[in-house]
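In order, the protein sequences belong to chains A and B.
Going by our numbering, the final residue of the first sequence carries number 976, and the count climbs one at a time with no gaps.
Going by our numbering, the final residue of the second sequence carries number 976, and the count climbs one at a time with no gaps.
By construction, these hints were calculated from the structure, which means they are not laboratory data.
Honestly, I wouldn't trust all of these hints.
You can't tell identical chains apart in this list, so a pair holds if it fits in one copy or across any two.
Claimed, not checked - Within a straight-line C-alpha distance of at most 30 Å, the following computed DSBU-like cross-link-like pairs (lysine-lysine) qualify:
(1) K782 / K810
(2) K810 / K910
(3) K910 / K757
(4) K910 / K866
(5) K866 / K810
(6) K941 / K782
(7) K941 / K757
Protein chains: 2
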Amino acid sequence: METSTFDIGLAPIGFISSCFKEKFGTPRQPGLAPSASARLQLVEPFNKREMVRGLETFSHVWIQFIFHQALRDGWKTTVRPPRLNGSERKGVLATRSPHRPNFIGLSAVRLEGIDFSDGVVLELGGVDLLDKTPVLDIKPYLRDTDCLTSAGFGWLSSEFSEMEVVFEDGARQFCKDYQRATGRLLAGLIKEVLRLDPRPAAQRGRKHEFAMLLFDVNIAWQVTDGVCRVVSCSRVAPDDSF
Amino acid sequence: METSTFDIGLAPIGFISSCFKEKFGTPRQPGLAPSASARLQLVEPFNKREMVRGLETFSHVWIQFIFHQALRDGWKTTVRPPRLNGSERKGVLATRSPHRPNFIGLSAVRLEGIDFSDGVVLELGGVDLLDKTPVLDIKPYLRDTDCLTSAGFGWLSSEFSEMEVVFEDGARQFCKDYQRATGRLLAGLIKEVLRLDPRPAAQRGRKHEFAMLLFDVNIAWQVTDGVCRVVSCSRVAPDDSF
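Looking at chain A on its own, in the form it has when it is part of the complex (with noise of 0.2 Å):
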């Protein structure tokens, strides 16, 4: 059996701009907030109209990517799921946790839409990627092969709380402007992320609070008995890449 290496010259065929510029606040799977957009921009020599002849006619993508984020800290046998609370070690194999073997992700999310305007761009809906991850792939959703419904729900439960999310007056009327200026939804996006509980596990017991970016927006945070209350919200830096 072989165990070397295998060089093939991996080239991203594209990069993604999307809302999520940190890690912390992304969410951990594609559709859970169905507001989070993003543009997936192909570069040469990949960013060819031919390439995509015919992707307009399927609702949903797959896009297979590099976990860039996590590339530095490497991986490990064994990780502690969130959807655990941290209380149990799985196998790597066994999680989608980002840091894995060769580091690639997989998600499937909504094609809006395809803009020839400037090279070859899908607008894409329901991502749980990062800004700047590097594509290496992208497939038609194929309904035949890929919508297993006789599949199990293996150690994840089928059921998902969630967190009931409030604003204080000041975040909400931030976000009614940031609407106004901006066109985006950023308090239904804010409730998307926020109710899936972002927090790592092992910070779930403290009071302190939060700080997420969303777009160029900087989100404070803090849940108090089970609710999550958005306490603040600031624009840190005008924002040009998305």
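Assemble chain B onto chain A, guided by the hints.
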């Protein structure tokens, strides 16, 4: 936007042993030949029991792999999908063709068991994986996020016509004897593979005999008036790889 290649030093975590010894006849998608089984042997330093702890609770897994037999032929911007009888070109990213940028494949397959008697071996079912396929990643199939029941069918119609498959007497007898000697359900597998019509679109008009290798058996078959006849079977060499 970066355009440089991206070297992360891919290392296969394991290799496939499969009944499909050559590309011709290998199903074009997983699940189409339910009897097609394979073993995935993990290699150093990944062949540790802890790596897959908890994976046994899932009914299905994703295999991300290299289309190793497509590497030498390279890829093209557009391809002629067999499902369209080769009559139309689609962008390679709008298909699941193996001849694609980065040559990465994706298959959802049944996880039938994990064998720890000699390292770590995953027993897989319903595969479309060639023998000796290098595997880059194994992920649990998550029904919540991977099974998109609202997905459309794109340019693929939802119907999928199948060929009738009949056996000549000698071929039928061979399969019975082979099954008695090896335990392999050869006749069922032949039927599942041939009903999908593995002929290249360009050769569907011709009446000549085709040959296909399954396990260590060479199978001769012919299509007449839309019916596939298994003409003969013969053993080619002792098969110790499966």
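Verification of the hints:
{"no.": "1", "hint": "K782 / K810", "result": "between (38 Å within a copy, 12 Å between copies)"}
{"no.": "2", "hint": "K810 / K910", "result": "neither (43 Å within a copy, 48 Å between copies)"}
{"no.": "3", "hint": "K910 / K757", "result": "within (25 Å within a copy, 57 Å between copies)"}
{"no.": "4", "hint": "K910 / K866", "result": "within (27 Å within a copy, 57 Å between copies)"}
{"no.": "5", "hint": "K866 / K810", "result": "both (24 Å within a copy, 26 Å between copies)"}
{"no.": "6", "hint": "K941 / K782", "result": "neither (50 Å within a copy, 39 Å between copies)"}
{"no.": "7", "hint": "K941 / K757", "result": "within (21 Å within a copy, 58 Å between copies)"}
When each numbered hint is compared with the structure, violations occur for hints 2, 6.
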